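There are 2 protein chains.
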Amino acid sequence: MDIKAYLKEECARVDSALDSFLPAESNPPCALHKAMRYSVFAGGKRIRPILMLSACSAVGGDISQALPFACAMEMIHTYSLIHDDLPAMDNDDFRRGNPTNHKVFGEAAAILAGDALLTEAFRLMSSPGSAPAVDAIKKLKVINEIAGASGSSGMVGGQFVDMESEGRPDIDIPIVRYIHTHKTGALIRASVLSGAILGGAEADSLAAMERYGRAAGLAFQIADDILDIEGTTEEIGKDAGSDEARGKATYPAVIGLSAAREEARNMMNEAVDSLKTFGTEADPLREMALYIVMRKN
Amino acid sequence: MDIKAYLKEECARVDSALDSFLPAESNPPCALHKAMRYSVFAGGKRIRPILMLSACSAVGGDISQALPFACAMEMIHTYSLIHDDLPAMDNDDFRRGNPTNHKVFGEAAAILAGDALLTEAFRLMSSPGSAPAVDAIKKLKVINEIAGASGSSGMVGGQFVDMESEGRPDIDIPIVRYIHTHKTGALIRASVLSGAILGGAEADSLAAMERYGRAAGLAFQIADDILDIEGTTEEIGKDAGSDEARGKATYPAVIGLSAAREEARNMMNEAVDSLKTFGTEADPLREMALYIVMRKN
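Taken in order, these protein sequences are the chains called A and B. In terms of this note's numbering, the first sequence has 39 at position 39, counting the first letter as 1, and numbering is strictly consecutive. In terms of this note's numbering, the second sequence has 1074 at position 74, counting the first letter as 1, and numbering is strictly consecutive.
Note that these hints are calculated values from the structure, not bench results. The reader is advised that the hints may include incorrect statements.
Claimed, not checked - Here are the simulated DSBU-like cross-link-like pairs (lysine-lysine), alpha carbons at most 30 Å apart as the crow flies:
no.	chain 1	residue 1	chain 2	residue 2
1	A	Lys238	A	Lys138
2	A	Lys103	B	Lys1248
3	A	Lys141	B	Lys1276
4	A	Lys238	A	Lys34
5	A	Lys141	B	Lys1034
6	A	Lys103	B	Lys1103
7	B	Lys1296	B	Lys1045
8	A	Lys141	B	Lys1141
9	B	Lys1034	B	Lys1238
10	B	Lys1276	B	Lys1138
11	B	Lys1034	A	Lys248
12	B	Lys1248	A	Lys34
13	A	Lys138	B	Lys1141
14	A	Lys248	B	Lys1103
15	A	Lys138	A	Lys296
16	B	Lys1141	A	Lys34
17	A	Lys138	B	Lys1238
Said to hold, decoys possible - For the chain A half of the interface with chain B, some residues (derived, Cβ under 8 Å), not all of them:
no.	residue
18	Pro29
19	Ile111
20	Asp115
21	Ala116
22	Leu118
23	Thr119
24	Ser126
25	Ser127
26	Ala133
27	Ala136
28	Lys139
29	Ala147
30	Ser152
31	Ser153
32	Gly157
33	Gln159
As the list claims (entries may be wrong) - Distance ranges between label pairs, derived from CB positions:
no.	chain 1	residue 1	chain 2	residue 2	range
34	B	Asp1019	A	Glu9	45 to 51 Å
35	A	Asp239	B	Asp1172	45 to 51 Å
36	B	Arg1246	A	Gly256	50 to 56 Å
37	A	Leu290	B	Arg1096	51 to 57 Å
38	A	Gly129	B	Asp1135	15 to 21 Å
39	A	Pro128	B	Phe1041	34 to 40 Å
40	B	Ala1024	A	Glu244	34 to 40 Å
None of the values given here were measured: they were computed from a predicted structure. By construction, the Cβ of each residue, glycine as well, lies at the ideal position given by its N, Cα and C atoms.
Full structure from sequences and hints, please.
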């Protein structure tokens, strides 16, 4: 299959749905909705929502039922980037080649735009119009998975430990693994799992999908660490080498670049291996595992 | 009835439930959970959760089913206070007489503690163990109401307009009313409505409860504005007169203190009037409408 064409098509589907689900800029408070939309449409690759749709499809589900949840996931991811970029956090001026939210709208608006995106995700997922064919108990299960993956024992917890660990000389593999599996891995795992639940997967398929999501999530973040070293500023849309400059806890920093590359490949293989009971319907997930590790941005 | 004793008892019930629902400080990341708990247990009056329990009880419901949602509401309220107090927002050093979250844990931790509390609220509400006797469709409806009341067309929207309006000389009653009904009113209205839904209220009772919640919410914020002028710093736990010093859009600033007092009383009367078809089971709500306007902190 042509993974690039697939990603492009699914990205357009997610973008169009995000546009329809997000509050319009003409709705008050207009400036707040403008700030929310600015970061959502600042060039994201939509990896998480596409993984959710692909997992839904791989288990034989109807992706239109997963689409609102996929968009909610992207809203959560976007809020986390807005808050991560704040002066009190990573203090980044650029993200994906564009000025960060607080550089354009100011710090207070950026905090509130992030808060509002996170909240909007849960409003959307709990809306009666979202996934009307999926039963309410399953929807609650997905909301619970996504909330768990986003909060203090998921993404926010990972971000907190990442911040605590910055510049510390005693960082070891268990800490880096904790940061990666929580900060990035948790949302990716939850995306895949949610797509499978919404698609009606049985226990066996769910377990396989969870294994895929876990491996793909870790592979994604290790690949990100490597890109920060090997990519150019132009390719990755932010300052290359910034992790090292900040003393960030990364795989290459702790185990070296070549061992990190091997670990990313191992995780990619584990992700692909976890799909062995699936047929061609899981090809997009297989190709995405490769893409996650091989991408240049 | 003795409203003070009632509030004290219900406050203890909510505090104890919050303690059981919030992640323990001994769970990693410990420092993040400590920061979350610090603000939740910094002396809140628990008005919103108590209103939810009282509304549930007034329609004949079982308050144990509403308790997790009541605690989630308090987590959302607490997150909003942590973020409002940040240097980029209101830049407050004290809240309820205690140092604000960012003064104790630093700005980055305060941002993340707020994010995590908001997320935890949705995790708790969607948890299978929460309100097991309430059907899933009703739970989704309550989550949707609370998310709507908390986001860009609710509390966050109100906070955004409040911030935008600071120091502007052209603030009129429609703007102040927008700020108040959104920033404070939305969560109070949603608390009452959610309690009634979880308690199994029919359409008539729901409409009455919504009217009560709307009036009580506006009364609460006008009373807050008046307290900021008339209360002492010791009574209100933050600098008295700070609204005026900041050029905040308040009822007294726009229509004068005496007209603001009358509007608060009108709203209190409307709240009580909306309960006229209820018997003594709604006495706590009636007394709370009075308390909201007459309180000294």
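Consistency of the hints with the structure:
At roughly 39 Å between alpha-carbon atoms, Lys238/A and Lys138/A are farther apart than 30 Å, so this suggested pair is violated. This hinted pair checks out: Lys103/A and Lys1248/B have alpha carbons roughly 25 Å apart, not beyond 30 Å. With a C-alpha separation of about 39 Å, the suggested pairing of Lys141/A with Lys1276/B is violated against the 30 Å cut-off. Restraint check for Lys238/A and Lys34/A: the C-alpha separation of about 23 Å stays at or below 30 Å, so the hint holds.
Between the alpha carbons of Lys141/A and Lys1034/B the distance comes to roughly 27 Å, so the proposed pair stays at or under 30 Å and holds. The hinted pair formed by Lys103/A and Lys1103/B meets the criterion: a straight-line CA distance of about 24 Å does not exceed 30 Å. The straight-line distance between the Cα atoms of Lys1296/B and Lys1045/B is roughly 12 Å, inside the 30 Å bound, and the hint therefore holds. Straight-line distance between C-alpha atoms of Lys141/A and Lys1141/B comes to about 15 Å, which keeps the hinted pair within the 30 Å bound.
Between Lys1034/B and Lys1238/B, the direct Cα distance comes to roughly 23 Å. Compliance with the 30 Å bound is thereby established for this hinted pair. Among the hinted pairs, Lys1276/B with Lys1138/B is consistent with the structure: their alpha-carbon atoms are about 26 Å apart, no more than 30 Å. Taken as a hint, the Lys1034/B and Lys248/A pair is honoured in the structure, with Cα atoms around 24 Å apart against an allowance of 30 Å. Of the supplied pair hints, the one linking Lys1248/B and Lys34/A holds, its CA atoms being roughly 24 Å apart against a limit of 30 Å.
With a CA separation close to 14 Å, the supplied pair Lys138/A and Lys1141/B stays within the 30 Å bound. A C-alpha spacing of about 25 Å is found between Lys248/A and Lys1103/B, which places the hinted pair at or below 30 Å, so the restraint holds. For the given pair, Lys138/A sits about 36 Å from Lys296/A by alpha-carbon distance, which is inconsistent with the 30 Å threshold. Straight-line distance between C-alpha atoms of Lys1141/B and Lys34/A comes to about 27 Å, which keeps the hinted pair within the 30 Å bound.
For the hint pairing Lys138/A with Lys1238/B, the CA-to-CA distance comes to about 45 Å; that exceeds 30 Å, so the pair is violated. Checking Pro29/A against chain B by beta carbon gives a least distance of about 5 Å; that is within 8 Å, so the hint holds. For Ile111/A, the shortest C-beta to C-beta distance to chain B is roughly 6 Å, which falls under 8 Å, so the interface hint holds. A cut of 8 Å between beta carbons decides the hint on Asp115/A: the least distance to chain B is about 5 Å, and the hint holds.
At about 4 Å, the closest approach between the beta carbon of Ala116/A and any beta carbon in chain B falls short of 8 Å, and the interface hint on this residue holds. For Leu118/A, the suggested interface contact is upheld, since its CB lies about 6 Å from the closest CB of chain B, less than 8 Å. Because the smallest distance between the Cβ of Thr119/A and any Cβ of chain B comes to about 4 Å, under 8 Å, the interface hint for this residue holds. About 4 Å separates the beta-carbon of Ser126/A from the nearest beta-carbon of chain B, less than 8 Å, and the hint is met.
With a cut of 8 Å, the hint placing Ser127/A at the interface with chain B holds, because the nearest CB-to-CB distance is about 6 Å. The interface hint given for Ala133/A is broken, as the beta carbon of that residue sits about 14 Å from the closest beta carbon of chain B, more than 8 Å. The closest approach between the C-beta of Ala136/A and any C-beta of chain B is roughly 3 Å, which is under the 8 Å cut-off, so the hint is satisfied. At about 6 Å, the closest approach between the beta carbon of Lys139/A and any beta carbon in chain B falls short of 8 Å, and the interface hint on this residue holds.
Evaluation of the Ala147/A hint against chain B yields a held restraint, the C-beta minimum of about 4 Å falling below 8 Å. With its C-beta approaching chain B no nearer than about 4 Å, Ser152/A sits inside the 8 Å limit, and its interface hint holds. For Ser153/A, the interface hint holds, the least distance from its beta-carbon to any beta-carbon of chain B being 7 Å, beneath 8 Å. Here the hint on Gly157/A is kept, as its CB sits about 5 Å from the closest CB of chain B, short of 8 Å.
Because the closest C-beta pair between Gln159/A and chain B is about 6 Å apart, less than 8 Å, the hint holds. Distance hint for Asp1019/B and Glu9/A: a CB-CB separation of about 49 Å, consistent with the stated range 45 to 51 Å. Restraint check, Asp239/A to Asp1172/B: a C-beta distance of roughly 46 Å satisfies the suggested window 45 to 51 Å. At about 53 Å, the beta-carbon gap between Arg1246/B and Gly256/A stays in the expected band of 50 to 56 Å.
Roughly 54 Å separates the CB atoms of Leu290/A and Arg1096/B, a value that falls within the hinted 51 to 57 Å. Judged by the Cβ atoms, the range 15 to 21 Å given for Gly129/A and Asp1135/B holds: they are separated by roughly 19 Å. Between Pro128/A and Phe1041/B the beta carbon distance is about 36 Å. The supplied range of 34 to 40 Å therefore holds. In this structure the hint that Ala1024/B and Glu244/A lie 34 to 40 Å apart at CB holds, the actual value being about 35 Å.
In terms of the numbered hints stated before, the structure departs from hints 1, 3, 15, 17, 26, listed from lowest to highest.
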